[in-house]
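**Q** Work out the full structure: start from the sequences and follow the hints.
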Amino acid sequence: MSELNRDAALEDQIAQWRAFIRRRQAIHAVDVAELEDHLREQVAGLVAGGLSSDEAFLVAVKRMGSMDSLSREFAREHSDRLWKQLVTAPSETGGAGPWIDTQALVAVGVAVAAAVAIKVPAFLGFPIDAHPAFYVRNLSLFVLPFLAGYFAWKRRLAPSTVRWLGLAFVVAAVLANVAPFAPTGKNPDPLQALHLPIALWLAVGIAYAGGRWSEVSGRMDFIRFTGELFIYYVLIALGGGVLTAFMALTFQSIGIKVEHFFQSWLLPCGAVGAVVIASWLVEAKQSVIENMAPVLTRLFTPLFALMLLAFLGTLLWSGRAVTIDRDLLIGFDLLLVVVLGLLLYSVSARDSSAPPGVFDGMQVALLISALIADVVALWCIGARIGEFGFTPNRVAALGENLILLVNLAWSTVLYLRFLTGRGPFARLEKWQTDYLPVYAGWAAMVVVVFPLVFRKG
Amino acid sequence: MEIGKDLIAASSTPIVLAILAEGDSYGYAILTRVREVSGGRMEWTDGMLYPVLHRLERLGHVEARWEVAESGRRRKYYHLTSQGRAQLAEESRQWKVVDATLRGIWSELRLTLSPSPAASPLRTAGT
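Protein sequences, first through last, are from chains B and A. Each residue of the first sequence is one higher than the one before, counting from 1 in this note's numbering. Each residue of the second sequence is one higher than the one before, counting from 1 in this note's numbering.
Be aware that a few hints might be false.
Stated by the list, open to error - Simulated coverage check for chain A against chain B, where a stretch passes if three residues somewhere in it have a Cβ under 8 Å from a Cβ of chain B:
(1) 45-51
(2) 54-67
(3) 77-91
To be verified - Only pairs whose alpha carbons sit at most 20 Å apart, straight line, appear in this in silico EDC-like list of lysine to aspartate or glutamate:
(4) Lys62/B to Glu2/A
(5) Lys5/A to Asp221/B
(6) Lys62/B to Glu43/A
(7) Lys5/A to Glu77/B
(8) Lys257/B to Asp129/B
(9) Lys96/A to Asp6/A
(10) Lys154/B to Asp221/B
(11) Lys154/B to Glu77/B
(12) Lys430/B to Glu215/B
Hints are computed from structural coordinates only; laboratory data are not their basis. Model, not experiment: these values are computed from the prediction. Note that beta-carbon positions come from the ideal geometry of N, C-alpha and C, so glycine has one too.
**A** What follows is the structure in structure tokens.
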């Protein structure tokens, strides 16, 4: 064996050792670097003493001590490390440090840019209080292009992808603001305001996945990201609420009212900037903090299943008629969204090779009870929809209901197959991730086709 | 000779502090020095030195800095602080008391120190 080969083999062994020790939570990268220096020195010493590099490596690893007791010692000394910390990067390791700092800087820069962007129309004579409709229909365009841009930069997207995403946002801006798609008059169109962000979220997803959109795991990561982003955003919003309350309180004590500043600066700028910051946090923390969405899923899946079963039981027992109007249909849509969310995040956190367990049974109970509840609701509204006629809102709500129903029904079938051992769990994952474009497609249709079909007058 | 775990743990602080009092050093060199001074009779599990160093760093007895060694690798060097020097003096006083006490008792007992029974009084002394 040549000198070079021997070196390569040793490097290989050291790399494996490093990867192995890196998995210990209590031992940080910077400690691994220190231990690796030790290991190399030891190997060099032993080789100089006449051992082959293979033997030297084995002896050096053995002398390092058992990994379990070593990481126990580290954990005892650095007990804080077992509590996942809010540090974004160990500052001394070098290597990863500058890149993470750059990411933080760029994220803050992008957040500021989004915050400035939402103020630009105000400087051009479109203040928020006077033109609420303009802001409502364009809200997603003040945030999502920046978010997509951030991920395009971070994932180093191919220029052609960037061009397509840019085109998508330009088209969205046209649709939101140019007749016949844009609503006329002062009142915002809630349908468009709701569906444009859903359609554009797909563009963010493509930027997020960064070339892995075609893979199940890439789309699954995006699902995970969406859930964590939602949780982080809610937390940031709560913090922001506390901050504002104290701001109002303290300024009130000196006789200054901050309402105007709050409404036209803090709230809009904070709300858009926080999306970017929350996204950056989700990315920076994904390995540091336990993912919350699956934890909440575990907690609420049984509770929702119980609630739905209780509802169905009461319905049967009391024999009451289900009266449903449009608002209630939207309510049932939301219920299906929640059930879908519970399904998605338990799927995203599940080890797909694990055998079926109690929780899976609970999941199926939830799915089936949600399906039955929704079919009852659909049955009732189906009878009345002819009576009321078709309005865009009703069609949109109905369409969404059907889309979710199809998804959940097929998911139930796949889940049952998995429980009875007739199909792998991965099929369910693939079905869920393949279904993502359907939501965006339907949302895009609501934005593009509905204004043409349901044109007034 | 196998020295008990507790005694190793108890003696590691003064030993490391004393070696660093000779000059700044790093993990591997500290272990080499321990072997050299003890004539190979004190065998530390290599990895265990590092949590000890980190504890001393946290307590402010030593300071760490990263340098690029002649091999081109980054290496963490430890330096004894003045507080560490004071700690070393204190440890040295304590160990002398323990040593003197043991010597006194053993000379009265006229113990013949054969290798195997020696381990047990040493271990209790360490705790």
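**Q** Now tell me, hint by hint, if it's right for this structure.
**A** Outcome of the hint check:
1. For the region 45-51 of chain A, the assignment as covered by chain B holds, since 6 residues bring a beta-carbon within under 8 Å of that chain's beta-carbons and 3 suffice.
2. Coverage of the region 54-67 of chain A by chain B holds in this model, with 4 residues showing a Cβ closer than 8 Å to a Cβ of that chain against a need of three.
3. With 0 residues having a Cβ less than 8 Å from any Cβ of chain B, the region 77-91 of chain A misses the three-residue criterion, and the hint is violated.
4. Only pairs whose Cα atoms come within 20 Å are accepted, and Lys62/B paired with Glu2/A is accepted, the gap being roughly 17 Å.
5. Of the pairs offered as hints, the one joining Lys5/A and Asp221/B is violated, with about 47 Å between alpha carbons and a cut-off of 20 Å exceeded.
6. Taking the CA atoms of Lys62/B and Glu43/A, the gap is about 13 Å. The hint holds against a cut of 20 Å.
7. Between Lys5/A and Glu77/B the alpha-carbon distance is near 17 Å, which keeps this suggested pair within the 20 Å criterion.
8. Note on Lys257/B and Asp129/B: the hinted pairing holds, with a Cα-Cα distance of about 17 Å set against a maximum of 20 Å.
9. A hinted pair counts as satisfied when its Cα atoms are at most 20 Å apart, and Lys96/A with Asp6/A qualifies at roughly 18 Å.
10. For the hint pairing Lys154/B with Asp221/B, the CA-to-CA distance comes to about 15 Å; that is within 20 Å, so the pair holds.
11. A distance of roughly 36 Å separates the Cα atoms of Lys154/B and Glu77/B; the hinted pair therefore is violated under the 20 Å criterion.
12. Taking the CA atoms of Lys430/B and Glu215/B, the gap is about 9 Å. The hint holds against a cut of 20 Å.
Consistency note: the structure conflicts with the earlier hints numbered 3, 5, 11.
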